[in-house]
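Student: Working from the sequences, and respecting the hints, build out all of it.
In this note's numbering, the protein residues as written are 50 to 359.
Check each hint, because a few of them may be wrong.
[Unchecked claim] Pairs of lysine to any residue residues, derived as SDA-like cross-links and limited to a Cα-Cα distance of at most 25 Å, are as follows: (1) 82 <-> 97; (2) 280 <-> 233; (3) 325 <-> 358; (4) 325 <-> 285.
[Stated by the list, open to error] Ranges between beta-carbon positions, derived for each pair: (5) 288 <-> 338: 30 to 36 Å; (6) 128 <-> 243: 24 to 30 Å; (7) 56 <-> 100: 27 to 33 Å; (8) 255 <-> 92: 49 to 55 Å; (9) 113 <-> 211: 42 to 48 Å; (10) 211 <-> 239: 31 to 37 Å; (11) 113 <-> 175: 23 to 29 Å; (12) 250 <-> 113: 38 to 44 Å.
Worth flagging that the hints you see were computed from the coordinates, not collected in a lab. No residue lacks a Cβ here, since even glycine has one placed at the ideal position from N, Cα and C.
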Amino acid sequence: MAVFSHITHITVKVPATTANLGPGFDCLGAALKLYNKFEFTTLDVSGLMIEVYGMEAGRVQTDESNLLYQSFVKLYQHIEQTVPSVKIRMKLGVPLSRGLGSSATAIVGGLVAANELAGRPLSELEVMKLAIAMEGHPDNVVPALLGGCRLAATSNTSNNCWEIGDIPWHRDIMAVVAIPDFELSTSEARKVLPAEISRDDAIFNISHLGLLLRGLATNREEWLKAALQDKLHQPYRQALIPGYDAVNTAAISAGAYGMVISGAGPTLLALVDTSKAKEVEIAMKNAWLQKGITSNVRIVDVDMQGTTTF
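Tutor: In structure tokens:
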């Protein structure tokens with residue numbers, strides 16, 4: 050039975066995300082307090098209007114190829130309803146192609162907006178499954194939708210059935226994100242990954258992921274320093290990020306527990322106790338400057354709300 054809505058306008062706010070988190074490759078991610086806002090207004094006349102504001106607005110497509118609009122259409126196709134004509138205003142606060150989940154904000158934002166305008170025919174779980182199917186893996190879209198730090202695993206043998214763990218994040222752990230002035234495409238970052246890994250490397254990551262979950266909950270320094278190590282993706286991607294070693298050394302010397310590649314990069318993210326966050330922020334920025342690379346470095350807290358509508 051179709052569900053109809055009288056709503057003609059909705060604003061969706063979606064947080065940035067950091068995925069992988071060291072040993073949590075393709076399964077662990079956290080929402081961050083950086084946001085994209087998307088305003089949708091249905092039109093009485095046929096057509097599509099897209100306006101983009103904020104950082105890098107000129108790089109965003111404003112036709113039917115726009116990922117936000119494609120996600121919007123995807124939900125209507127899924128519920129077998131006619132896609133309404135719509136005006137979209139995009140206010141960007143999450144940088145593009147930097148490993149902070151900008152594409153995930155578009156996927157989640159489009160699906161949530163369509164679900165609201167259609168009268169909420171789908172549950173949050175159903176929207177999440179659509180988002181995962183569009184993204185290809187859960188570690189960005191799940192925290193973008195739900196907020197917090199989330200661990201995603203398939204249930205039984207079905208890739209369409211997911212179990213989502215809410216991972217406690219100690220209030221004194223802060224993230225310092227260093228966003229460089231260059232990009233790294235996800236496809237290029239995936240090309241350098243090996244097709245197979247050794248049993249020893251698999252065991253290494255399993256043990257370190259378990260330790261990371263305990264470290265995030267307790268803010269125990271020695272656990273977090275060990276836990277952020279990884280052998281599945283970071284050793285292969287480091288060479289794609291100029292100045293990686295220098296920024297890593299600077300962050301740890303300034304008091305960070307460790308540094309990871311955010312998503313597929315090139316943004317680098319350090320986890321640190323609140324008391325040392327400012328020193329780590331300055332150290333990471335200066336380390337890249339000494340390599341001739343400018344960056345936007347900021348202290349960011351975890352967003353616990355996820356996607357909100359108003």
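Student: Does each hint fit the structure? Answer for all of them.
Tutor: Here is how each hint holds up against the structure:
1. Note on residue 82 and residue 97: the hinted pairing is violated, with a Cα-Cα distance of about 30 Å set against a maximum of 25 Å.
2. With a C-alpha separation of about 20 Å, the suggested pair residue 280 and residue 233 falls inside the 25 Å cut-off, and the hint holds.
3. Of the supplied pair hints, the one linking residue 325 and residue 358 is violated, its CA atoms being roughly 34 Å apart against a limit of 25 Å.
4. With a CA separation close to 29 Å, the supplied pair residue 325 and residue 285 exceeds the 25 Å bound.
5. In this structure the supplied range 30 to 36 Å is violated for residue 288 paired with residue 338, their Cβ-Cβ distance being about 21 Å.
6. Checked against the given bound of 24 to 30 Å, the beta carbons of residue 128 and residue 243, roughly 40 Å apart, lie outside it.
7. For residue 56 paired with residue 100, a C-beta distance near 20 Å fails the hint of 27 to 33 Å.
8. Between residue 255 and residue 92, the C-beta spacing of about 51 Å keeps the proposed range 49 to 55 Å intact.
9. Between residue 113 and residue 211 the beta carbon distance is about 29 Å. The supplied range of 42 to 48 Å is therefore violated.
10. Distance hint check for residue 211 and residue 239: the Cβ-Cβ separation is about 21 Å, which falls outside the suggested range of 31 to 37 Å.
11. Checked against the hint of 23 to 29 Å, the pair residue 113 and residue 175 passes, with Cβ atoms roughly 24 Å apart.
12. As the Cβ distance of residue 250 to residue 113 is approximately 43 Å, the hint placing it in 38 to 44 Å holds.
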